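Student: If you want the building blocks of each chain, they are given just below.
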Amino acid sequence: MSQGILRIQLDRARCEGHGVCEEAAPRVYRLDDEGVLEILLDPVPEEFEALAESGARLCPVAALRTVRLG
Amino acid sequence: MTRVLDSVVVVGGCVAGVSAADTLRTEGFEGAITVVGDEPHTAYSRPALSKGVLRGEQDSVSVRLPRLDSSVEVRTSTRAVALDTDRRIVTVEHDGRREAVAFGGLVIATGVRARRLAAVERPDEFVVRDLDHSVALAAALRGASSVVIVGGGFLALELASSIRGMGLAVTVVHTLPPLSRHLGAELACLVVDTARAVGVRFVATSPGARALEGDACGVRLPNGAVVTSDVLVSAIGDQPNVEWLAGSGLSCNGPLEVTADGIVRPGIVAAGDVTSTRTASGSVERTPHWHSAIVQGRVAARALLGLAAPATPTPYFWTECFGMDIKVTGRIPRWVEPTALEGSLQQREAVLQWRGPDGVPVAAATVNRRMPLVKLSRLARPEFTEVTR
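If you read the sequences in order, they're chains A and B.
Sequential numbering of the first sequence, starting at 3, is according to our numbering.
Sequential numbering of the second sequence, starting at 192, is according to our numbering.
Same shape as in the complex, but just chain A:
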């Protein structure tokens, strides 16, 4: 069991809208029509934590981080 809540940090200046995160976890990440990333679930509910972390991990420009608080 993981402790605390999981939050997502997005470095907007770095994000290029590749959408790899969205592919990994469409319930957590969504690119709008302009290719701008929206974080749909933050803090991340426990059942989506692994997917959210996976989406962040695969970002080709390392624009996403997950941090555990509390």
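A couple of the hints might just be wrong.
Using C-beta positions, here's what the derived DEER-type ranges look like [claimed, not checked]:
hint, chain 1, residue 1, chain 2, residue 2, range
1, B, D323, A, P45, 48 to 54 Å
2, B, H285, A, R29, 35 to 41 Å
3, A, R9, B, L496, 28 to 34 Å
4, B, R255, A, D34, 42 to 48 Å
5, B, S397, A, L43, 38 to 44 Å
6, A, E36, B, D406, 50 to 56 Å
Lysine to aspartate or glutamate pairs mimicking EDC-like chemistry, simulated, CA-CA at most 16 Å apart [said to hold, decoys possible]:
hint, chain 1, residue 1, chain 2, residue 2
7, B, K566, A, D44
8, B, K566, B, E533
9, B, K566, A, E18
What the hints contain is simulated information worked out from the structure, not anything from laboratory work.
The structure presented is a predicted model; accordingly, all values stated were derived computationally and were not measured.
Beta carbons are placed, not taken as given, at the ideal position from N, Cα and C, and that holds for glycine.
Dock chain B against chain A, hints included.
Tutor: Coordinates of chain B only, in the frame set by chain A:
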């Protein structure tokens, strides 16, 4: 009889391996996962090496991918040296010491290494494949004023863009027209014209350029011409890391051929740059791109767990050079002109689409335009012909 999968060893610590390890966990695999990688670093963003890292805007910490789940054992500086498929053992070497690691399932994601002009590695011929390469080249550029880059692919042009942007004189020595194999003639010309406009020199040659010997730095072309510079960078493709498979019964001659599900043989899958697949027409095809490595890692992990592969997405890759941000899905046919669905190439801002001989869309690209990958992929798929016509 089906054996229950209790442990998986992933050989290869970069993105294909990470993607496979991640997928095993997100698909509910609870057994032991060990990831071994020969680099001293955990996985990092390779696309940044020719850009931010080289220019000194990103350091080796900021390009690191977030760590894998703590339940996954990650071993760095650990090289696989042998595989026994019958006994299901990988032999790894760390710090000169060998160790046998047993596995239930195996993911091979050992990637590729850069090809070099010189037969033996020499300190004055730089390549950019790993993080340490990029850091070493960045250091060499600090005291230099001119660079020769051999190669005409994405890496060569991205390096040319970064290095020219740092104020150095750049000469690109190439055989085929730069980028034309990947981007098609029109888009490739646009990039090359833009590069020329900022002072990059292009020298076309027949194959067979050699690194200069002795104290001289640069290349000698097959016609006898010599191009000298302070720094020589080779970006002439790669070769798969398969030598460790010698004696395993798996092919160690060229890339490792896998099925569409990433399967090499039962219980053994492979993903990433080390792999190739056979197309319907029988030709061997590689998609050595960041995004493909992720998808293949995912597919391979699912195959190990006995899960069906998701539909194969169209290949996706991108490049950033000389102020152009180009994203491509599908495979651009070489002899077909693209249609601009929005914008134009002249404006350096466009959405482009290529169609095959039968009029069916086969590839699409954006130039300095943001579009979600899902939307862009749709423009490159035959089933959306009606929508986009």
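Student: With reference to the structure, classify each hint as holding or not holding.
Tutor: Now the hints, each set against the structure:
1. B:D323 to A:P45: 48 to 54 Å: violated (37 Å)
2. B:H285 to A:R29: 35 to 41 Å: holds (39 Å)
3. A:R9 to B:L496: 28 to 34 Å: Distance hint for R9 of chain A, L496 of chain B holds at roughly 30 Å.
4. B:R255 to A:D34: 42 to 48 Å: 28 Å Cβ-Cβ, so the 42 to 48 Å window is violated.
5. B:S397 to A:L43: 38 to 44 Å: violated (56 Å)
6. A:E36 to B:D406: 50 to 56 Å: holds (54 Å)
7. B:K566 to A:D44: Status violated; Cα separation ~25 Å.
8. B:K566 to B:E533: holds (14 Å)
9. B:K566 to A:E18: The given pair, whose Cα atoms are some 15 Å apart, holds under the 16 Å limit.
Checked against the numbered hints listed earlier, the structure breaks hints 1, 4, 5, 7; every other hint is satisfied.
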